[in-house]
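The residues making up each chain are set out below.
Protein chains: 2
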Amino acid sequence: MARRADYLVVHAHLFTMEGTGVGYLADGAVAVRGDRIAEVGPTSRLRSEFDADGILDACGCAVLPGLIDAHMHTPLAIVRGVAQDVAHWMQKALAPYSRHINPAAALAGTRLNVVEALKAGTTTMVDYATPLPGWAEIYDQIGVRARLTPTINALPPGGMAGWKLGDLYPLDPAAGEAALDAAAAFAAGWHEAADGRITVMLGPQAPDMLSREQLLQVKDIAQRQGLMIHMHVAQGDREIDQMLQRYGQRTPAFLDDLGYLDDQLLAVHLTEATAREAELVAQRGARMVLCSGSIGIIDGIVPPAHTFRSAGGLVALGSDQASGNNCSNIFNEMKLTALFNKITFRDPTIMPAWEVLRMSTIEGARAVGLGDTIGSLAAGKQADLIVIDLEVPQLSPVLQTPIRNIVPNLVYAASGHEVRDVMVAGRLLMRDRQLLTVDEPAVLAEARLQAEAIAGRVAADPVHAQLALLEPMAAGQL
Amino acid sequence: MARRADYLVVHAHLFTMEGTGVGYLADGAVAVRGDRIAEVGPTSRLRSEFDADGILDACGCAVLPGLIDAHMHTPLAIVRGVAQDVAHWMQKALAPYSRHINPAAALAGTRLNVVEALKAGTTTMVDYATPLPGWAEIYDQIGVRARLTPTINALPPGGMAGWKLGDLYPLDPAAGEAALDAAAAFAAGWHEAADGRITVMLGPQAPDMLSREQLLQVKDIAQRQGLMIHMHVAQGDREIDQMLQRYGQRTPAFLDDLGYLDDQLLAVHLTEATAREAELVAQRGARMVLCSGSIGIIDGIVPPAHTFRSAGGLVALGSDQASGNNCSNIFNEMKLTALFNKITFRDPTIMPAWEVLRMSTIEGARAVGLGDTIGSLAAGKQADLIVIDLEVPQLSPVLQTPIRNIVPNLVYAASGHEVRDVMVAGRLLMRDRQLLTVDEPAVLAEARLQAEAIAGRVAADPVHAQLALLEPMAAGQL
Numbered sequence: 122m123a124r125r126a127d128y129l130v131v132h133a134h135l136f137t138m139e140g141t142g143v144g145y146l147a148d149g150a151v152a153v154r155g156d157r158i159a160e161v162g163p164t165s166r167l168r169s170e171f172d173a174d175g176i177l178d179a180c181g182c183a184v185l186p187g188l189i190d191a192h193m194h195t196p197l198a199i200v201r202g203v204a205q206d207v208a209h210w211m212q213k214a215l216a217p218y219s220r221h222i223n224p225a226a227a228l229a230g231t232r233l234n235v236v237e238a239l240k241a242g243t244t245t246m247v248d249y250a251t252p253l254p255g256w257a258e259i260y261d262q263i264g265v266r267a268r269l270t271p272t273i274n275a276l277p278p279g280g281m282a283g284w285k286l287g288d289l290y291p292l293d294p295a296a297g298e299a300a301l302d303a304a305a306a307f308a309a310g311w312h313e314a315a316d317g318r319i320t321v322m323l324g325p326q327a328p329d330m331l332s333r334e335q336l337l338q339v340k341d342i343a344q345r346q347g348l349m350i351h352m353h354v355a356q357g358d359r360e361i362d363q364m365l366q367r368y369g370q371r372t373p374a375f376l377d378d379l380g381y382l383d384d385q386l387l388a389v390h391l392t393e394a395t396a397r398e399a400e401l402v403a404q405r406g407a408r409m410v411l412c413s414g415s416i417g418i419i420d421g422i423v424p425p426a427h428t429f430r431s432a433g434g435l436v437a438l439g440s441d442q443a444s445g446n447n448c449s450n451i452f453n454e455m456k457l458t459a460l461f462n463k464i465t466f467r468d469p470t471i472m473p474a475w476e477v478l479r480m481s482t483i484e485g486a487r488a489v490g491l492g493d494t495i496g497s498l499a500a501g502k503q504a505d506l507i508v509i510d511l512e513v514p515q516l517s518p519v520l521q522t523p524i525r526n527i528v529p530n531l532v533y534a535a536s537g538h539e540v541r542d543v544m545v546a547g548r549l550l551m552r553d554r555q556l557l558t559v560d561e562p563a564v565l566a567e568a569r570l571q572a573e574a575i576a577g578r579v580a581a582d583p584v585h586a587q588l589a590l591l592e593p594m595a596a597g598q599l
Numbered sequence: 122m123a124r125r126a127d128y129l130v131v132h133a134h135l136f137t138m139e140g141t142g143v144g145y146l147a148d149g150a151v152a153v154r155g156d157r158i159a160e161v162g163p164t165s166r167l168r169s170e171f172d173a174d175g176i177l178d179a180c181g182c183a184v185l186p187g188l189i190d191a192h193m194h195t196p197l198a199i200v201r202g203v204a205q206d207v208a209h210w211m212q213k214a215l216a217p218y219s220r221h222i223n224p225a226a227a228l229a230g231t232r233l234n235v236v237e238a239l240k241a242g243t244t245t246m247v248d249y250a251t252p253l254p255g256w257a258e259i260y261d262q263i264g265v266r267a268r269l270t271p272t273i274n275a276l277p278p279g280g281m282a283g284w285k286l287g288d289l290y291p292l293d294p295a296a297g298e299a300a301l302d303a304a305a306a307f308a309a310g311w312h313e314a315a316d317g318r319i320t321v322m323l324g325p326q327a328p329d330m331l332s333r334e335q336l337l338q339v340k341d342i343a344q345r346q347g348l349m350i351h352m353h354v355a356q357g358d359r360e361i362d363q364m365l366q367r368y369g370q371r372t373p374a375f376l377d378d379l380g381y382l383d384d385q386l387l388a389v390h391l392t393e394a395t396a397r398e399a400e401l402v403a404q405r406g407a408r409m410v411l412c413s414g415s416i417g418i419i420d421g422i423v424p425p426a427h428t429f430r431s432a433g434g435l436v437a438l439g440s441d442q443a444s445g446n447n448c449s450n451i452f453n454e455m456k457l458t459a460l461f462n463k464i465t466f467r468d469p470t471i472m473p474a475w476e477v478l479r480m481s482t483i484e485g486a487r488a489v490g491l492g493d494t495i496g497s498l499a500a501g502k503q504a505d506l507i508v509i510d511l512e513v514p515q516l517s518p519v520l521q522t523p524i525r526n527i528v529p530n531l532v533y534a535a536s537g538h539e540v541r542d543v544m545v546a547g548r549l550l551m552r553d554r555q556l557l558t559v560d561e562p563a564v565l566a567e568a569r570l571q572a573e574a575i576a577g578r579v580a581a582d583p584v585h586a587q588l589a590l591l592e593p594m595a596a597g598q599l
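Protein sequences, first through last, are from chains A and B. Numbers given in the numbering used here equal positions in the first sequence, counted from 1, plus 121. Numbers given in the numbering used here equal positions in the second sequence, counted from 1, plus 121.
Hint data in this document are derived by calculation from the structure and do not stem from the laboratory. From a predicted model like this one, the values you see are computed outputs, not experimental measurements. Hints should not be assumed to be uniformly reliable.
Claimed, not checked - Beta-carbon label-pair distances, calculated as ranges:
id: 1; chain 1: A; residue 1: Q521; chain 2: B; residue 2: K213; range: 54 to 62 Å
id: 2; chain 1: A; residue 1: A299; chain 2: B; residue 2: G433; range: 51 to 59 Å
id: 3; chain 1: A; residue 1: L365; chain 2: B; residue 2: D493; range: 51 to 59 Å
id: 4; chain 1: A; residue 1: Y368; chain 2: B; residue 2: G492; range: 52 to 60 Å
Claimed, not checked - Dumping the calculated EDC-like pairs for lysine to aspartate or glutamate here, alpha-carbon to alpha-carbon at most 20 Å:
id: 5; chain 1: B; residue 1: K340; chain 2: B; residue 2: D288
id: 6; chain 1: B; residue 1: K213; chain 2: A; residue 2: D468
id: 7; chain 1: A; residue 1: K213; chain 2: B; residue 2: D468
id: 8; chain 1: A; residue 1: K285; chain 2: A; residue 2: D378
All residues carry an ideal CB built from backbone N, CA and C; glycine is no exception.
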């Protein structure tokens, strides 16, 4: 007797990402029942075994697990493109804008960024932001998978007005306490919400932005509640300077002594980590997020992900933020990651296509703690998958033997708009490039309105005189 | 009395690329008459001055000069994706395939690559290939602008069977003579053809691939006929080794003594050039083509374009070839160029967005010798322009003041599929992403057929055992 399926995806170049490679299956099929994958196998067999309500014909297409963006700051999409090609990115470009992002603008930015990433095949978004009312609801409504991380820091709520470069940050324990409480409340409300599609991580912003005691409090809550910790680690020279001043230790050694370096930690960036420090973090079992595009644009640096992986660590890819990347597109991150690392080591064999594809699927899933749930196409896993049209010039021709060219072309030639259909938890969120759960033109229109209002506030704020990009504006270069 | 125009492009974010920056004009318009730009200015003025047959509404769009791809090997698109992530790219990956590219397959590759590049906004293609009958006709028919360069070398026509790594190449003067004659005949037939849209360059393949005497012959013909020379220069360690063995000189010094380093030379790659050598080539007035994606993938190297430009040289961008890039997309090259150079110098201010945009428009036009004809939007120049839809998530929101974000987003967030319309020499070749002068599905279908035939011939050829990618195929990584 035929088994029931809600969808049968058929005739695909199927990349299951099971096993140690890409798990290719020619003329493959995926049966979906409810929010899960019921079966994966040859189209002919699944056609005969399943009675499906909907057929998704993937002939001429590649089908992959949905991609994972392991580190985003979605509100900043509202000021996309105002912070690149400058030194002192934060102070001289982003901050004069970001201080004028009010809650409505932040939510418009999140909607915009989720739509952008979804259209490029990202199905799991690990977002790091202030837990505004309405933030998690966006993910709930649009239907993508989210790991939400409310910001926790102890910086003075009124700003850093009196602070001078080189001074220790004026940590405010009450501010840290409030942020910690807000994060705990957010976790109580949203962890494992939307049938498990939305989960929560704890997000101490960086080891220099709250006290040692409050870092330990975060760790304690994380352990008791089984939450991962999502933190910027060794993200810049200013952080390292703060750590040396305050504790006489660089970040990795400090975190190791604190008991932070374990598989509960998702360590973002490691921009300033030495090779030895990257190895230490990896060997302790912590996971790394590599944001190639963002750190390339902001710092001109390639973080030590190759060393981290060589030491046995798991690496996921992240897009960081649109002001200083300037896009949230895992196809972009895969290509940049492969190429930046080849260049760093002057070796074309470093980080081949299949490795970066794993970092954005199964390895990324394991890194963010969802390896049992997503990241590959296998019976029992969540039905998060994308259908990619290969019948476009830049992915043509498809060759199968003696060398199959699909994976290299997906990494080096695709740009994300080849993604035709997106399914998350068994629900189609995009079909034939049309979003089904969100009004895309309305999202763009709202983003434009909010951004124009921000631009007006920035122009009226004397601090905008600090903007480094005023000079190229005046020179007619923008 | 109103002036006549064939087209009026209106309401654009216009980037004319005139002057020293990007030449921005808000609510700009372009009047096109015949194959030329009649006028550029504010929409309101051109609307009142011109009576146009066709209106192209570019509201919400950026309009730029068509992009220039200054170095392509279009036939190799037929084996896209078989040559990356390997050492010894040529011998261990490409050669076992390329030897089976017959003329029909080569032409199918050219058609595919032209379609791919055109859809990504490239309007001028500087193609380097064997001058097969039918090659130039593809450009003639599709209507893009082309600088065609027939390959000239003196390698034995029967192949390099007896040659061993480390030996001098067995140059065959008769083969060089035949290639030179064929190139001269091709130039006689196609230079300034199609109303000047198709022009020819002379293409000695590399300084080690024909004799000193034949290099001088090429230079002599180039000077007499007013043709540029398009040559791979310092492209690899094998070339440098050949030059040292044969002449006791590295390539730049050799070419300088030979009188090759002048503004007639388009020097491709300079992968192995030292900073001092790059400066020498630039100071002599020769132009450089930088193929960031290709050299990144093939060699893991960033060529010295920043040094070359700092020494006053002109740099154009090139996509090289699809087997080992793996795409021909100048948006891709702009982004990789900006980022690779930031990383090389560990400095986020190096090669800002506006500089790489100039390299693919006005600076690129000057580099390939067409600076008076194309590369910017100005009255009297050829009407080569592209309309880019900014109302897509990855390019939203558009900000105007105090900082305009369009150019950085075009470089760091666009991928080329945002190009909506393409005009070359006053003729629309693409409108609303539909190609008007070529049957895209037929091109893809023919490419697939030819590629499958090549794959069959490769599989039947014992030489395929040399393929480095057989190992990842066996390991399930492709």
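Broken hints, by number: Numbers 1, 5, 8, in rising order.
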